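These are the residues of each chain, in order.
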Amino acid sequence: MRLVLIFCIGLIFGLGIVISGMANPAKVLNFFDIAGTWDPSLAFVMGGALAVTGLGYRVVFGRGEPVFGGRFHLPLSAQIDARLVAGSALFGVGWGMAGFCPGGALPALGTGIADVFIFTGALIVGILGAKTLQARGFGRAFH
Amino acid sequence: MFETAFTPWQSLGGGLLIGTSAVLLMLVSGRVMGATGVLAGLVAPVSRADATWRLVLLLGMLTAPLVYLLITGRMPEVSVPVSTPMLILGGLVVGVGVTFGGGCTSGHGVCGIARLSPRSIVATLVFMASCIATVFVIRHVIGG
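These protein sequence lines are chains A and B, in that order.
As numbered in the numbering used here, the first sequence has no gaps in its residue numbers, which increase by one up to the final residue, 143.
As numbered in the numbering used here, the second sequence has no gaps in its residue numbers, which increase by one up to the final residue, 1144.
By construction, these hints were calculated from the structure, which means they are not laboratory data.
All values derive from a computational prediction rather than experimental measurement.
Each hint should be verified, as a subset may be incorrect.
Stated by the list, open to error - Restraint-style ranges between C-beta atoms, simulated for each label pair:
id	chain 1	residue 1	chain 2	residue 2	range
1	B	V1043	A	F138	15 to 23 Å
2	B	T1052	A	S77	25 to 33 Å
3	B	A1129	A	S77	16 to 24 Å
4	B	R1048	A	A135	14 to 22 Å
Unchecked claim - Partial list, derived from the structure: chain A residues whose beta carbon lies under 10 Å from chain B:
id	residue
5	S20
6	D39
7	P40
8	P107
What the hints assert, rightly or not - Keeping only pairs whose Cα atoms sit at most 25 Å apart, straight-line, the calculated SDA-like set for lysine to any residue is:
id	chain 1	residue 1	chain 2	residue 2
9	A	K131	B	A1044
10	A	K131	B	L1042
11	A	K131	B	R1048
12	A	K131	B	G1041
13	A	K131	B	A1049
14	A	K131	B	I1121
15	A	K131	B	T1007
16	A	K131	B	T1052
17	A	K131	B	I1138
18	A	K131	B	I1142
19	A	K131	B	A1051
20	A	K131	A	D81
21	A	K131	A	A86
22	A	K131	A	V67
23	A	K131	B	L1070
24	A	K131	B	P1118
25	A	K131	B	L1089
26	A	K131	B	I1071
27	A	K131	B	M1075
28	A	K131	A	R63
29	A	K131	A	A89
30	A	K131	B	L1125
31	A	K131	A	R83
32	A	K131	B	V1141
33	A	K131	A	I118
34	A	K131	B	P1045
35	A	K131	A	L76
36	A	K131	A	I80
37	A	K131	B	D1050
38	A	K131	A	L109
39	A	K131	B	V1043
40	A	K131	A	T120
Where a beta carbon is used, it is the ideal one built from N, C-alpha and C, also for glycine.
From just these sequences and the hints, can you work out the full model?
Below, the structure is given as structure tokens:
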């Protein structure tokens, strides 16, 4: 039952991504191209998503625990360190190069378009490479 | 570089759905709806049960274009205006960045900011700014 619900949640997320235009690099890159062919649509994605999540989270956290028990898994760290800033800066660079962010690419895999698989393959290599570096202690010096 | 149509209502509707999925995942499983976390937990799993829900969530996401096709009669538009080497390099850089940064647009930009996490607010401002700068350099400095 829980997994059926999770499948539906993934589907809702994916529909939101493809309807909003987040899965379309041409649109995403135009959102960031303020000096050129600017398309402000994606500000509405962020606005809509934040309004629902901001209100919804308040209600959900008010329950004390998730429906199927357990606890809310939230990041514990509140520290703003160089690793967070450098990593996020790199993410923005890559997003500006490719036009896909991870959340935009995953649902778009379902279209079967080769470019999405090429991006996602490189994304996975990047994630695994960075995890290997982290396991060897790289980045700890940033703290 | 070409124009794309301004679609405020469609984008707002998509955003409302993204928010709805984030709230439901927290309600059902107590988890953050972050694409980076979902993918990283699949390619580098910590346990079988943990990988299972991530895989099911991903399968739901992958089904979305098909459902979109059934409803609208066409596939969602995915046009990639960059070269394949740029796409690969961008993918690698995104992978490294989101791993060190601890999240992406969905995890930090939506779920993190929704609970007013200072880390997520900083991360989102930084990646939006660096993305704008990157697009500017590629399109108007190098390309211009």
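Hints versus structure:
no.	hint	result
1	B/V1043 / A/F138: 15 to 23 Å	holds (19 Å)
2	B/T1052 / A/S77: 25 to 33 Å	holds (26 Å)
3	B/A1129 / A/S77: 16 to 24 Å	holds (22 Å)
4	B/R1048 / A/A135: 14 to 22 Å	holds (21 Å)
5	S20	holds (2 Å)
6	D39	holds (5 Å)
7	P40	holds (7 Å)
8	P107	holds (4 Å)
9	A/K131 / B/A1044	holds (9 Å)
10	A/K131 / B/L1042	holds (13 Å)
11	A/K131 / B/R1048	holds (19 Å)
12	A/K131 / B/G1041	holds (11 Å)
13	A/K131 / B/A1049	holds (21 Å)
14	A/K131 / B/I1121	holds (23 Å)
15	A/K131 / B/T1007	violated (38 Å)
16	A/K131 / B/T1052	holds (21 Å)
17	A/K131 / B/I1138	violated (28 Å)
18	A/K131 / B/I1142	violated (32 Å)
19	A/K131 / B/A1051	holds (17 Å)
20	A/K131 / A/D81	holds (18 Å)
21	A/K131 / A/A86	holds (15 Å)
22	A/K131 / A/V67	violated (32 Å)
23	A/K131 / B/L1070	violated (39 Å)
24	A/K131 / B/P1118	holds (24 Å)
25	A/K131 / B/L1089	holds (18 Å)
26	A/K131 / B/I1071	violated (40 Å)
27	A/K131 / B/M1075	violated (35 Å)
28	A/K131 / A/R63	violated (35 Å)
29	A/K131 / A/A89	holds (17 Å)
30	A/K131 / B/L1125	holds (24 Å)
31	A/K131 / A/R83	holds (13 Å)
32	A/K131 / B/V1141	violated (33 Å)
33	A/K131 / A/I118	holds (20 Å)
34	A/K131 / B/P1045	holds (12 Å)
35	A/K131 / A/L76	holds (19 Å)
36	A/K131 / A/I80	holds (20 Å)
37	A/K131 / B/D1050	holds (18 Å)
38	A/K131 / A/L109	holds (23 Å)
39	A/K131 / B/V1043	holds (11 Å)
40	A/K131 / A/T120	holds (16 Å)
Going through the hint list in order, the structure does not satisfy hints 15, 17, 18, 22, 23, 26, 27, 28 and 32.
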